[in-house]
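K.L.:
Listed here are the chains, written in short residue letters.
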Amino acid sequence: MMIELKNVTKVYGTRKAVDNISFSVDKGEIVGFLGPNGAGKTTTMKMITGYMPPTSGTIKIAGYDIVEQPIEAKKHIGYLPEVPPLYLDMTVEAYLHFVGGIKGVPPKKRREDVERIIHEVGLTDVRKRLIKNLSKGYKQRVGLAQAIIGDPDVLVLDEPTVGLDPKQIKEIRDIIKELGKKHTIILSTHILPEVSMVCDRVIIINKGKIVAIDKTENLSAALQNSRRYFIKVEGPYEEVVNSLKKIEGVTNIEAEVDSDNTIKLTVESSADKDVRKDMFFAFAKKGFPILELKMLNYSLEEVFLELTTEEESYDENVGNTKEGA
Amino acid sequence: MKMWEILKRELKSYFFSPLAYVLLGFYLLISGYFFSTFVLSTHYAVLSPILSSMVTVFMFISPILTMRLISEDMKTGTDQLLLTSPVTVTDIVIGKFFSTVFVYLVALVITFLYPIYLKLYSSPDMGSIIAGYIGVFLIGVTFISIGLFASSLTENQMIAGVIGFALILMFWLISWLGDVFTGKAKAIFQNLSFFDRLNNFLNGLVNLSDVVFFISVIIFFIFLTIRVVDKRRWS
Ligand SMILES: Nc1ncnc2c1ncn2[C@@H]1O[C@H](COP(=O)(O)OP(=O)(O)O)[C@@H](O)[C@H]1O
Ligand SMILES: [Mg+2]
Numbered sequence: 027m028m029i030e031l032k033n034v035t036k037v038y039g040t041r042k043a044v045d046n047i048s049f050s051v052d053k054g055e056i057v058g059f060l061g062p063n064g065a066g067k068t069t070t071m072k073m074i075t076g077y078m079p080p081t082s083g084t085i086k087i088a089g090y091d092i093v094e095q096p097i098e099a100k101k102h103i104g105y106l107p108e109v110p111p112l113y114l115d116m117t118v119e120a121y122l123h124f125v126g127g128i129k130g131v132p133p134k135k136r137r138e139d140v141e142r143i144i145h146e147v148g149l150t151d152v153r154k155r156l157i158k159n160l161s162k163g164y165k166q167r168v169g170l171a172q173a174i175i176g177d178p179d180v181l182v183l184d185e186p187t188v189g190l191d192p193k194q195i196k197e198i199r200d201i202i203k204e205l206g207k208k209h210t211i212i213l214s215t216h217i218l219p220e221v222s223m224v225c226d227r228v229i230i231i232n233k234g235k236i237v238a239i240d241k242t243e244n245l246s247a248a249l250q251n252s253r254r255y256f257i258k259v260e261g262p263y264e265e266v267v268n269s270l271k272k273i274e275g276v277t278n279i280e281a282e283v284d285s286d287n288t289i290k291l292t293v294e295s296s297a298d299k300d301v302r303k304d305m306f307f308a309f310a311k312k313g314f315p316i317l318e319l320k321m322l323n324y325s326l327e328e329v330f331l332e333l334t335t336e337e338e339s340y341d342e343n344v345g346n347t348k349e350g351a
Numbered sequence: 002m003k004m005w006e007i008l009k010r011e012l013k014s015y016f017f018s019p020l021a022y023v024l025l026g027f028y029l030l031i032s033g034y035f036f037s038t039f040v041l042s043t044h045y046a047v048l049s050p051i052l053s054s055m056v057t058v059f060m061f062i063s064p065i066l067t068m069r070l071i072s073e074d075m076k077t078g079t080d081q082l083l084l085t086s087p088v089t090v091t092d093i094v095i096g097k098f099f100s101t102v103f104v105y106l107v108a109l110v111i112t113f114l115y116p117i118y119l120k121l122y123s124s125p126d127m128g129s130i131i132a133g134y135i136g137v138f139l140i141g142v143t144f145i146s147i148g149l150f151a152s153s154l155t156e157n158q159m160i161a162g163v164i165g166f167a168l169i170l171m172f173w174l175i176s177w178l179g180d181v182f183t184g185k186a187k188a189i190f191q192n193l194s195f196f197d198r199l200n201n202f203l204n205g206l207v208n209l210s211d212v213v214f215f216i217s218v219i220i221f222f223i224f225l226t227i228r229v230v231d232k233r234r235w236s
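Which chain is which? The protein sequence lines are A and B, in order.
Using my numbering, you'd call the opening residue of the first sequence number 27 and step up by one each time.
Using my numbering, you'd call the opening residue of the second sequence number 2 and step up by one each time.
It should be emphasised that the hints constitute simulated quantities derived from the structure, not laboratory data.
Bear in mind that the values here come from a model prediction, so they are computed numbers and not experimental data.
All residues carry an ideal CB built from backbone N, CA and C; glycine is no exception.
Hints are not guaranteed to be accurate.
Claimed, not checked - Restraint-style ranges between C-beta atoms, simulated for each label pair:
#  : chain 1 : residue 1 : chain 2 : residue 2 : range
1  : B       : W5        : A       : S48       : 38 to 48 Å
2  : B       : F61       : A       : G39       : 50 to 60 Å
3  : B       : W177      : A       : P132      : 51 to 61 Å
4  : B       : R228      : A       : T35       : 19 to 29 Å
5  : A       : T84       : B       : N157      : 27 to 37 Å
6  : A       : D45       : B       : S236      : 16 to 26 Å
7  : B       : P19       : A       : S161      : 22 to 32 Å
8  : A       : R137      : B       : R228      : 53 to 63 Å
9  : B       : N192      : A       : G189      : 51 to 61 Å
10 : A       : G64       : B       : N157      : 17 to 27 Å
11 : A       : T35       : B       : M159      : 29 to 39 Å
12 : A       : L156      : B       : S236      : 53 to 63 Å
Start from the sequences and build out the full structure, keeping to the hints where you can.
P.N.:
Quick look at the structure:
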C-alpha cells in the first residue's frame with residue numbers, strides 16, 4: 027500500500043472541505059482523483075503531501091504517517107501542485123539541481139538524475155533558459171520534472187494538464203503514462219476523458235465526500251445498474267412497443283415516431299440481462315425489420331454529470347424548504 | 002546539509018538580481034561618504050561615527066533585504082515545494098536567515114577598507130575598532146532576524162518590509178522611552194535598548210551580557226519565525 031487515507035477530514039474555519047474520506051492506492055497504480063471545482067481535490071493532495079495536516083484522520087505514505095514521521099514519508103513523495111512551484115529567477119537546470127538537493131539526492135546521483143529527467147520530460151532545448159521565460163507547457167514540464175527527482179515512489183499530480191493547449195495536454199499525458207510504469211501516481215482532474223485515457227482506477231469526490239471508487243472500465247456499468255440500447259424499427263407504433271414490453275428483463279421504453287413507418291426507441295434492461303437477441307427474435311417473428319441497434323454505454327461523463335446534478339438538486343431542495351418555512 | 006541547499010539558492014537569488022547590488026552599493030556609498038568627510042575634516046583616527054552611521058543605513062536596508070525571504074515563497078507557491086520535501090521548517094528558516102547574514106558580511110568586509118586606510122596613515126586603536134565591528138555585526142544580524150520574522154507574517158513583500166522596518170523602529174523608540182522614564186521603568190527600557198548596547202561596542206567595550214542579549218534576540222526571532230511558518234499549516 028503506497029497511499030492510505032483513513033477517515034480524513036479537513037475543516038477550514040467552519041467549512042468542511044474534505045469530509046471523512048478513506049481510500050488506498052497500491053504500488054504501481056495510476057489513480058484518477060475526479061471531481062468538480064471545489065470538490066476538495068487540492069485540499070486532499072495538500073494533506074497527502076504533508077503540506078498541511080488533516081483536521082482528523084490519518085494518512086500513510088509507504089507505511090509512514092505523514093504527520094508523525096513527516097521526513098520519512100516525504101522522502102517517498104513527488105508533488106506537482108496546481109501551480110508548479112517554480113523559482114522563476116533560476117535556469118531549468120539550476121532549479122532541478124536545487125530540488126535534488128532538498129530531496130536529499132547525493133551530488134553525483136543528482137547530476138545523473140537531472141540529466142536523465144531533462145531528457146525524459148523533454149526539456150533538453152530549454153535547460154539553460156530562465157524559467158520565467160518559458161511557455162506554460164514547458165513550465166508544466168519543469169513542474170513534472172521536479173516531482174520525479176529523487177525517484178519518489180509516489181507522485182501526486184494536481185490537475186497536471188489544466189490550462190494547457192491540446193497538443194501540450196497530449197504530451198503531458200504521454201509523459202504521465204510513461205511515468206506510471208515506474209511510479210505510483212494519483213492525479214486529480216475535473217476532465218472526464220482524462221481519467222479514462224490515463225488512469226487504471228478512479229476515485230470520484232464531490233463536496234468533500236467520496237461518491238465512487240472503481241476500475242475505470244467498470245465505473246459506468248457499476249454505477250448505472252442498467253443497460254441501455256438504441257433501436258430503430260420499421261412497424262406500427264403500438265405493436266412495436268407492445269412486443270418489447272413482453273420481453274423479460276426490459277425495464278423501460280422510450281419511443282418516438284421517426285418518419286413514416288419507423289420508430290426510434292431507447293430501451294433499458296437490468297444490468298445482468300442483455301436483451302438484444304430477444305428483441306431481434308421478437309421483431310423477426312412480427313416481420314418488423316430492425317434498421318439499427320446499438321448498446322448505449324453510459325460514458326463516464328454522463329455518470330459524472332449524474333452524480334453532481336444529484337447533489338445539486340439535493341441542495342436546491344434544502345434551499346426551497348428554507349424559503350417555504 | 003539541507004539548510005546549506007536553501008542557503009545557496011537564496012544567495013544565488015540575491016546575486017542574480019540587481020537589488021542586492023544596488024543596496025550594497027548604496028550602503029558602501031553612504032558609509033564611504035561619511036568616512037571621507039569625517040576623517041578628512043576632523044583628522045581623527047576614529048571609526049565609531051562611521052560605524053554608527055553604517056548601522057543607521059542598515060536599519061533602512063535590512064527590511065528590504067529580508068522582506069521577500071519567506072513571503073515570496075508563500076506568494077508564488079514555492080513553499081509547497083519546500084514544505085513537501087524532506088526538509089524541516091528549521092532548515093528552511095535558518096538557511097534563509099544565513100543567506101542574508103552572508104550578504105551583510107560581504108558588505109562589512111568591504112568596509113574593512115576604512116580601518117585599513119586609517120592604519121596606513123595613522124595609528125588608530127584597533128581594539129576598539131574590532132569591538133565596534135562586533136557590535137555592528139550583531140545589531141545588523143538582529144535586524145535581519147526581525148526582518149525575517151516580518152517576512153513570515155504575510156505573503157505581501159511590501160507589507161513585510163514595512164512591518165520589519167516598524168519593528169526595528171520600535172526598538173529604536175524603546176531607547177528613547179528609557180530617557181522619558183525614571184527608576185525601574187528606565188532600567189527595563191534601557192535593558193531592551195539596542196542602541197545603548199551598540200554604544201558600548203562602539204566605545205570599545207565588549208560586554209558578555211551585550212553579546213548574549215543580541216544573540217538571544219536573534220534566536221528569539223528565528224524561533225518565532227519557525228513557529229509562524231509551522232502554525233500557518235495547521236490553520
Ligand atoms: N485555504 C482555504 N481556506 C478556506 N477554504 C478553502 C481553502 N482552500 C480551499 N477552500 C475551500 O475548500 C473547498 C475545496 O477546495 P479545493 O480542495 O481547492 O477543491 P478542488 O481542488 O477540488 O477544486 C472549496 O470549497 C474551497 O473554497
Ligand atoms: Mg484544485
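K.L.:
Give a verdict on every hint.
P.N.:
Going through the hints against the structure:
Checked against the hint of 38 to 48 Å, the pair W5/B and S48/A passes, with Cβ atoms roughly 40 Å apart. F61/B and G39/A have their C-beta atoms about 38 Å apart, which leaves the hinted 50 to 60 Å range violated. At about 54 Å, the beta-carbon gap between W177/B and P132/A stays in the expected band of 51 to 61 Å. At about 25 Å, the beta-carbon gap between R228/B and T35/A stays in the expected band of 19 to 29 Å.
Restraint check, T84/A to N157/B: a C-beta distance of roughly 35 Å satisfies the suggested window 27 to 37 Å. For D45/A and S236/B, the Cβ-Cβ distance of about 19 Å falls inside the hinted range of 16 to 26 Å, so the restraint holds. Hint check: P19/B to S161/A, Cβ distance near 25 Å, so the stated range 22 to 32 Å holds. One distance hint, 53 to 63 Å for the beta-carbon pair R137/A and R228/B, is violated here, with the actual separation near 37 Å.
The hinted window of 51 to 61 Å between N192/B and G189/A holds, with their beta carbons roughly 56 Å apart. With their beta carbons about 25 Å apart, G64/A and N157/B fall inside the hinted range of 17 to 27 Å. Between T35/A and M159/B, the C-beta spacing of about 37 Å keeps the proposed range 29 to 39 Å intact. Here the CB-CB span from L156/A to S236/B is close to 34 Å, at odds with the stated 53 to 63 Å.
In the structure shown, a violation is registered for the earlier hints numbered 2, 8, 12, in ascending order.
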